[in-house]
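A.B. asks: Take a look at the letters that make up each chain.
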Amino acid sequence: MTQSPSNAQNDLAVGGAILIVEDEPELCAVVRFILEDEGYAVVTASDGQEALDRVAEARPCLILLDMGLPVLNGEEVAAGVKEILADPPPILVMSAAGNVAERARRIGAASFIAKPFDLDDLAAAVREVLAGKSVPF
Amino acid sequence: MAADLHLFTDSGSAIMGQDLVTTPPMPVKILLVDDEPKNLTALETVLAANDRTLVRAGSGQEALRQVLQDDFAVVLLDVHMPTMDGFETAELIRGRERSRETPIIFLTAAISGDVSVARGYSLGAVDYIIKPFDLDVLRSKVNVFIELFRKTDQVRRQADALAETTAFLHSVLEGATAYAIMALDLDGGILAWNEGARRIFGYRDEEVVGRANIALLHCDEDVAEGYVNDLLEAARSEGRSVSERDGRRKGGQRFTASLSIEQRIGADGHQVGFVCIAQDVTLVKETEQQRARLIQERVARAEAERARDHLRQVLDVMPEGIMLADAHGSIELCNAAAIAIIGRAPPREDAWAYRTMRRFHLDGAECTFDELPLVRAVQGGEVVLGEQYWIRGPDREELVPVLMNSAPLRDVDGMIIGGVMAFQDITPIKELERQKDAFLAAASHDLKNPLAIVKAQAQLLMRRAARMDVPETAPLVDGLRGIDFATRRLTGMVNELLDVARMQMGRPIELDPRPTDLAALVREVASDLQKSTNRHQIKVHCDEPILPGTWDGDRIERVLVNLVSNAIKYTPAGGPIDITVRRESCNGADWAVLQVKDSGIGVPTDEQHNIFERFFRGSNVAGRIEGAGIGLSGVRQIVEQHGGTVAVESVEGHGSIFTVRFPWTVPGALA
Numbered sequence: 001m002t003q004s005p006s007n008a009q010n011d012l013a014v015g016g017a018i019l020i021v022e023d024e025p026e027l028c029a030v031v032r033f034i035l036e037d038e039g040y041a042v043v044t045a046s047d048g049q050e051a052l053d054r055v056a057e058a059r060p061c062l063i064l065l066d067m068g069l070p071v072l073n074g075e076e077v078a079a080g081v082k083e084i085l086a087d088p089p090p091i092l093v094m095s096a097a098g099n100v101a102e103r104a105r106r107i108g109a110a111s112f113i114a115k116p117f118d119l120d121d122l123a124a125a126v127r128e129v130l131a132g133k134s135v136p137f
Numbered sequence: 001m002a003a004d005l006h007l008f009t010d011s012g013s014a015i016m017g018q019d020l021v022t023t024p025p026m027p028v029k030i031l032l033v034d035d036e037p038k039n040l041t042a043l044e045t046v047l048a049a050n051d052r053t054l055v056r057a058g059s060g061q062e063a064l065r066q067v068l069q070d071d072f073a074v075v076l077l078d079v080h081m082p083t084m085d086g087f088e089t090a091e092l093i094r095g096r097e098r099s100r101e102t103p104i105i106f107l108t109a110a111i112s113g114d115v116s117v118a119r120g121y122s123l124g125a126v127d128y129i130i131k132p133f134d135l136d137v138l139r140s141k142v143n144v145f146i147e148l149f150r151k152t153d154q155v156r157r158q159a160d161a162l163a164e165t166t167a168f169l170h171s172v173l174e175g176a177t178a179y180a181i182m183a184l185d186l187d188g189g190i191l192a193w194n195e196g197a198r199r200i201f202g203y204r205d206e207e208v209v210g211r212a213n214i215a216l217l218h219c220d221e222d223v224a225e226g227y228v229n230d231l232l233e234a235a236r237s238e239g240r241s242v243s244e245r246d247g248r249r250k251g252g253q254r255f256t257a258s259l260s261i262e263q264r265i266g267a268d269g270h271q272v273g274f275v276c277i278a279q280d281v282t283l284v285k286e287t288e289q290q291r292a293r294l295i296q297e298r299v300a301r302a303e304a305e306r307a308r309d310h311l312r313q314v315l316d317v318m319p320e321g322i323m324l325a326d327a328h329g330s331i332e333l334c335n336a337a338a339i340a341i342i343g344r345a346p347p348r349e350d351a352w353a354y355r356t357m358r359r360f361h362l363d364g365a366e367c368t369f370d371e372l373p374l375v376r377a378v379q380g381g382e383v384v385l386g387e388q389y390w391i392r393g394p395d396r397e398e399l400v401p402v403l404m405n406s407a408p409l410r411d412v413d414g415m416i417i418g419g420v421m422a423f424q425d426i427t428p429i430k431e432l433e434r435q436k437d438a439f440l441a442a443a444s445h446d447l448k449n450p451l452a453i454v455k456a457q458a459q460l461l462m463r464r465a466a467r468m469d470v471p472e473t474a475p476l477v478d479g480l481r482g483i484d485f486a487t488r489r490l491t492g493m494v495n496e497l498l499d500v501a502r503m504q505m506g507r508p509i510e511l512d513p514r515p516t517d518l519a520a521l522v523r524e525v526a527s528d529l530q531k532s533t534n535r536h537q538i539k540v541h542c543d544e545p546i547l548p549g550t551w552d553g554d555r556i557e558r559v560l561v562n563l564v565s566n567a568i569k570y571t572p573a574g575g576p577i578d579i580t581v582r583r584e585s586c587n588g589a590d591w592a593v594l595q596v597k598d599s600g601i602g603v604p605t606d607e608q609h610n611i612f613e614r615f616f617r618g619s620n621v622a623g624r625i626e627g628a629g630i631g632l633s634g635v636r637q638i639v640e641q642h643g644g645t646v647a648v649e650s651v652e653g654h655g656s657i658f659t660v661r662f663p664w665t666v667p668g669a670l671a
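Protein chains in written order, with our numbering: chain A, 1 to 137; chain B, 1 to 671.
You may find that some hints are simply not true.
Distance windows between CB atoms, simulated [unchecked claim]: (1) 474/B to 59/A: 38 to 48 Å; (2) 121/A to 397/B: 24 to 34 Å; (3) 26/A to 497/B: 45 to 55 Å; (4) 471/B to 70/A: 37 to 47 Å; (5) 59/A to 659/B: 26 to 36 Å; (6) 75/A to 471/B: 20 to 30 Å; (7) 497/B to 85/A: 24 to 34 Å; (8) 395/B to 121/A: 35 to 45 Å; (9) 73/A to 471/B: 40 to 50 Å; (10) 75/A to 550/B: 19 to 29 Å.
Since the hints were made in silico from the structure, they are not lab data.
Since this is a predicted model, take the numbers as computed values, not measurements.
For glycine and all other residues, C-beta sits at the position ideal for the given N, C-alpha and C.
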């Protein structure tokens, strides 16, 4: 659980940290850097079970969820979150799967972004979801 | 009828009576009446013999008692007796019913005058014998009467027997009411007939007997054609003729008659006419026909059973499950493979027996009864091809994926008499599909994750470099931009590769509809591809500055790139390539229309319907122009998944026009 040291200008971070669930450490690091750069507090998890542990500890405001995860997959994480939290945070799915939209829809995600993505698009998607402006898909 | 009597001598001897054929002489009684016992004794002595019994009477009264008790062949009556003389006695004998005909011979000492003789005769005497007797005369006279008595008795018995026989025959003939029995003369005239004839033909005796000809009982056409005469002629020459024709009742009603005509031979051995026996065989005929029908049906059933058994044996060898249902949906036949898939044979008498099965669509929704392929085939005449369902047999836990085909069965008139369903356990195919999907997912994951890292790192480095704000970073940023651009192209290629793989596996691709400017997309593709050729002039015809809609832009771009690349490839001599893009309204809905026109080698007319098939290549390009033949089938799949169509018009040697139409907004996509 690492707080962003640099950024207080992003009001949206106030509600809690963003949980990044990604098993590729390099990608996880880049995404974390970008989001922290955008002023968000970020926590990370590298597998499904860890993700659920973080959810319980940190009560994140948004979960950025990779679907192809070790231990528990994205669907199982989404289901677990709903069991842990009565008011679960929105989920933004990021996936390399061909049917990412379908899978995101199935778990009730707020939005999705297909890998590989532009960092600007990712940042925009996070902003939209946190502002509750994500479009139905 | 006398001629027929001989018919009964064997079986009818009881009726004919033993007497007719008796040979020992019948014992007879003779009454001797005299008031003188010695006269009686003398008479006894003279007349005694084994074949007779001599009864003595000493007076007229006693004689009368005797004739009341017995029949006598002859009475020898003494004329002169005290109390009641011979004449008186004779008178009284004659007066009795029983002895009215009994012959009386008066015995008298002397003829005392004509008067008494005349009186004697008038009283029934048959003779006089004057005493003293001439023994021989007495014996011979008495013998005459004995003989006469015997003959008379025999005749009477014969007459009785004859009457009895006649009555018997009559009762037989009249009792045989199911048969018309007729005596005919030589010309077929009806001389006599029985109750059966009356009943069958409906005439009264006075209308027929002695008046009508057998022709009356036949139909007019048979008479006119000489059929009746032929029957008589045949009976005459061959002794008997039989036939089965329509008979005719009084009033004209016809019926099936069995007829037998036989010669009737008189006592002199000559033919005197015919005996005709007829029977109404309508019922017999019907019964026979019914029986024949039943036998025929039974044979047909057995035949059908054999054929069914044969069919079953053949069907049981087949790996596909086969079910035959009748028009009511009862399962008539279910082969071994079907039973293996379902888990048990459906009960035959239960209409739509597989109601007991649970059925689901591929998406998991329960399949209603009316949606079942076999039900649709039988009830709606629908031919169902290649539909996939999950089924679970009544005794089964697991769902089995099946591929179902179904069609109605029709009779020669086209009426639906049932249906056939062929289905196949596609568990292995499903497993293969699952493996393919898993492979695709893994391939997608494994290819895109590294790309995602490269892209994200490049972009992160670009951001950092930009923040440094020093001129030395400029070439670095250019290089990073090149990496970023390359990952974009690589991503596009990976996506296309995965799409191709999915389409080759016959799987749908996952569309990602987003707001897209079709005009910009077309111009960009045209401009990109123009860079690859200078022998072709690619021109975009678009009246609008922008054409915004919601589609999977990457896939539509791939469609257009495919079509334009083809136009370039199959116009080897070079020339104009015209791309038209426009919005069309049709039935209240907006459609996007993309058209690519070239002046190339074209597509042979008879191959135009095939060119969108997977792996198809035109006969005029195969071996001469490179290509795997995946392009146009991919074009079709993408367009169809957008709810659209693709078509080609072409004249071989003069170029082609490919036209793609798809709805302005993809069905199911939310803007």
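A.B. asks: Hint by hint, note whether the structure agrees.
C.D. replies: Outcome of the hint check:
{"no.": "1", "hint": "474/B to 59/A: 38 to 48 Å", "in the structure": "holds, 44 Å"}
{"no.": "2", "hint": "121/A to 397/B: 24 to 34 Å", "in the structure": "violated, 47 Å"}
{"no.": "3", "hint": "26/A to 497/B: 45 to 55 Å", "in the structure": "violated, 23 Å"}
{"no.": "4", "hint": "471/B to 70/A: 37 to 47 Å", "in the structure": "holds, 45 Å"}
{"no.": "5", "hint": "59/A to 659/B: 26 to 36 Å", "in the structure": "violated, 56 Å"}
{"no.": "6", "hint": "75/A to 471/B: 20 to 30 Å", "in the structure": "violated, 50 Å"}
{"no.": "7", "hint": "497/B to 85/A: 24 to 34 Å", "in the structure": "violated, 40 Å"}
{"no.": "8", "hint": "395/B to 121/A: 35 to 45 Å", "in the structure": "violated, 54 Å"}
{"no.": "9", "hint": "73/A to 471/B: 40 to 50 Å", "in the structure": "holds, 47 Å"}
{"no.": "10", "hint": "75/A to 550/B: 19 to 29 Å", "in the structure": "holds, 27 Å"}
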